[in-house]
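These protein sequence lines map, in sequence, to chains A and B. With numbering that gives the first Met the number 0, the residue at position 173 of the first sequence is 172, and numbering never jumps. With numbering that gives the first Met the number 0, the residue at position 227 of the second sequence is 226, and numbering never jumps.
Any given hint could be a false lead.
Which copy? The list can't say, so a pair holds if one copy fits it or any two copies do.
What the hints assert, rightly or not - No farther apart than 35 Å at their CA atoms in a straight line, the calculated lysine-lysine pairs in the DSBU-like style are these: (1) Lys219 <-> Lys207; (2) Lys230 <-> Lys92; (3) Lys93 <-> Lys284; (4) Lys60 <-> Lys49; (5) Lys25 <-> Lys288.
Just so you know, the hints here were simulated from the structure itself, not pulled from any lab data.
2 protein chains.
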Amino acid sequence: MNYIGIDIGGMSIKGGIVSSAGEILKKEVVTTNPWADDDVIVGDIASLIKSLIGDGAESVKGIGLGIPGTVDGKKGRVSVTPNINLTGTCLVKKLHAYFPDVPIKISNDANCAALGEALFGSEKLDDAVLVTLGTGVGTGIILDGKLFEGNGGAGAEGGHMVIKTGGEKCGCGRRGCWEAYASASALIRQTRMAAEKNPDSILAKIVKEDGEVNGKTVFKAQSEGCPVAQKVIKKYLVYVGDGIVNLVNIFRPKAVIVGGGISKEGERIIKPLQAYVNRKAYAPKFSPKVKVMPATLFNDAGIIGAAALVMDI
Amino acid sequence: MNYIGIDIGGMSIKGGIVSSAGEILKKEVVTTNPWADDDVIVGDIASLIKSLIGDGAESVKGIGLGIPGTVDGKKGRVSVTPNINLTGTCLVKKLHAYFPDVPIKISNDANCAALGEALFGSEKLDDAVLVTLGTGVGTGIILDGKLFEGNGGAGAEGGHMVIKTGGEKCGCGRRGCWEAYASASALIRQTRMAAEKNPDSILAKIVKEDGEVNGKTVFKAQSEGCPVAQKVIKKYLVYVGDGIVNLVNIFRPKAVIVGGGISKEGERIIKPLQAYVNRKAYAPKFSPKVKVMPATLFNDAGIIGAAALVMDI
Numbered sequence: 000m001n002y003i004g005i006d007i008g009g010m011s012i013k014g015g016i017v018s019s020a021g022e023i024l025k026k027e028v029v030t031t032n033p034w035a036d037d038d039v040i041v042g043d044i045a046s047l048i049k050s051l052i053g054d055g056a057e058s059v060k061g062i063g064l065g066i067p068g069t070v071d072g073k074k075g076r077v078s079v080t081p082n083i084n085l086t087g088t089c090l091v092k093k094l095h096a097y098f099p100d101v102p103i104k105i106s107n108d109a110n111c112a113a114l115g116e117a118l119f120g121s122e123k124l125d126d127a128v129l130v131t132l133g134t135g136v137g138t139g140i141i142l143d144g145k146l147f148e149g150n151g152g153a154g155a156e157g158g159h160m161v162i163k164t165g166g167e168k169c170g171c172g173r174r175g176c177w178e179a180y181a182s183a184s185a186l187i188r189q190t191r192m193a194a195e196k197n198p199d200s201i202l203a204k205i206v207k208e209d210g211e212v213n214g215k216t217v218f219k220a221q222s223e224g225c226p227v228a229q230k231v232i233k234k235y236l237v238y239v240g241d242g243i244v245n246l247v248n249i250f251r252p253k254a255v256i257v258g259g260g261i262s263k264e265g266e267r268i269i270k271p272l273q274a275y276v277n278r279k280a281y282a283p284k285f286s287p288k289v290k291v292m293p294a295t296l297f298n299d300a301g302i303i304g305a306a307a308l309v310m311d312i
Numbered sequence: 000m001n002y003i004g005i006d007i008g009g010m011s012i013k014g015g016i017v018s019s020a021g022e023i024l025k026k027e028v029v030t031t032n033p034w035a036d037d038d039v040i041v042g043d044i045a046s047l048i049k050s051l052i053g054d055g056a057e058s059v060k061g062i063g064l065g066i067p068g069t070v071d072g073k074k075g076r077v078s079v080t081p082n083i084n085l086t087g088t089c090l091v092k093k094l095h096a097y098f099p100d101v102p103i104k105i106s107n108d109a110n111c112a113a114l115g116e117a118l119f120g121s122e123k124l125d126d127a128v129l130v131t132l133g134t135g136v137g138t139g140i141i142l143d144g145k146l147f148e149g150n151g152g153a154g155a156e157g158g159h160m161v162i163k164t165g166g167e168k169c170g171c172g173r174r175g176c177w178e179a180y181a182s183a184s185a186l187i188r189q190t191r192m193a194a195e196k197n198p199d200s201i202l203a204k205i206v207k208e209d210g211e212v213n214g215k216t217v218f219k220a221q222s223e224g225c226p227v228a229q230k231v232i233k234k235y236l237v238y239v240g241d242g243i244v245n246l247v248n249i250f251r252p253k254a255v256i257v258g259g260g261i262s263k264e265g266e267r268i269i270k271p272l273q274a275y276v277n278r279k280a281y282a283p284k285f286s287p288k289v290k291v292m293p294a295t296l297f298n299d300a301g302i303i304g305a306a307a308l309v310m311d312i
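Bound-form chain A, shown alone (with noise of 0.2 Å):
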């Protein structure tokens, strides 16, 4: 039994055809027209849809779509696309107009990767959230092997928990928002304040010599042996553990999936998140154990997750 998994963003639709068991066994390519009329965009999905699909339409069983944005997935509308033209935009619906007779159904593209990652990772789990490091922190959270999306698909916004009353502005509006002390963005913040504040730490060499900050710096430091980067990353990881276990403690998750670049740092940042979590969650004597565990699918998770979207309906 196959499914549609897309994948759309800003740049691209990334379309794929993806077996019952989270295998891609196709996968097409196409770029987004952002700001044209919604009825062009859905058409370019559909085009996309239809190029997968070839000759083989009787055997597809189900379209699931992942949008970067807020999703109202039972009304199978498009709530707000801040970065493409679909806000507004009743996709389920336009999109049948194409293919009347499979199942489609929407969601956020962060959720999607959530529920690739949970049911396709390299474990199988039905209770998991997974945490993205990226440019923002993005949460998604997976319940009975099921997405769980608050009313109008508008909650799973871990990434907009105040973790520090009064703190650091987030692009939200509040201040103190995990996302303003966890993303890849705050950690690019934290190692060039480190860096300016220490001008001879091999870190500031490190930033000099590359002329650039990234997600990566603090950690190439780091293995130079270089005692300002493992301060950046200490306090670092003590701002993603604490948003972490604020999670755990809410949904006492079988695991946390860390996702998103910062998490292809592997072992050095996964390890000590599972200490943080294992002494600080709740009661730890009393309760499961909680595993944290790196993200696998990574680019792939959001199509594999969209096309999960639809294998149970």
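Using the hints, position chain B against chain A.
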């Protein structure tokens, strides 16, 4: 159709016959023997239930119990109760020896209260978060008309969500938990500190006259026009509001119900909290509004909610 709801506390065990409309038809209370053998405690609970049922055994469709501790509802086992000797007790199994043919379910007492308030409070809600501002901060999560408890019943501990990383020490061992800022105990501490710092304030005068500080003191001073008290309350409501907005962003429930002693202040806390949620919740323009409302069942919520555990099985 009637149900038995039992609210177990360290001081007393309260029981009631509850109708399917959530009305308490009969109520009885016995004193808890908190450190007796667990079989003795279970026997006391069974006697209370028998006394409630009287001759009408056949009309009782289920028994629900709320326990002050961590409860694994799926296994019917109490994981830990700090103030009563039921840690590790397979309560459902032991009670089935007395009532072999009746469905029996157990949950955490705060969770039961949340279920009671959501299903039988001023408005029937199938998606809601109950926040209890008492000695600690309790949170109960209702999703699709059911309690959400997390694996092993160890979730829904929103009071132990850090809102100020590195902040005040919390009883759970972490620093900066919501409970350490938003509980009645925290408000009392904040009140006491403000009175000490401002010995000429109306607040300090009231503290001196009353000879003690409780959760009402600062509101009493506010009523008398004390600017120091006004400042304490404003700051306290930011702490309470930050945690509520976090839960709104994560769950996007239909409503947040505020209970516990502090909630008896009514509109003077509900109104500013509603305004805070409207202003601070994520993407307010594009997301469903979340109502902030006071709890209405108070002490009866535990009995009614415990009975509600067995209403749909």
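Hint-by-hint comparison with the structure:
1. Lys219 <-> Lys207: within (13 Å within a copy, 60 Å between copies)
2. Lys230 <-> Lys92: Result: close neither inside a copy nor across copies, 52 Å intra and 52 Å inter.
3. Lys93 <-> Lys284: between (52 Å within a copy, 24 Å between copies)
4. Lys60 <-> Lys49: within (14 Å within a copy, 55 Å between copies)
5. Lys25 <-> Lys288: So Lys25 and Lys288 fail the 35 Å test inside a copy (38 Å) and across (41 Å) alike.
The structure shown violates the earlier hints numbered 2 and 5.
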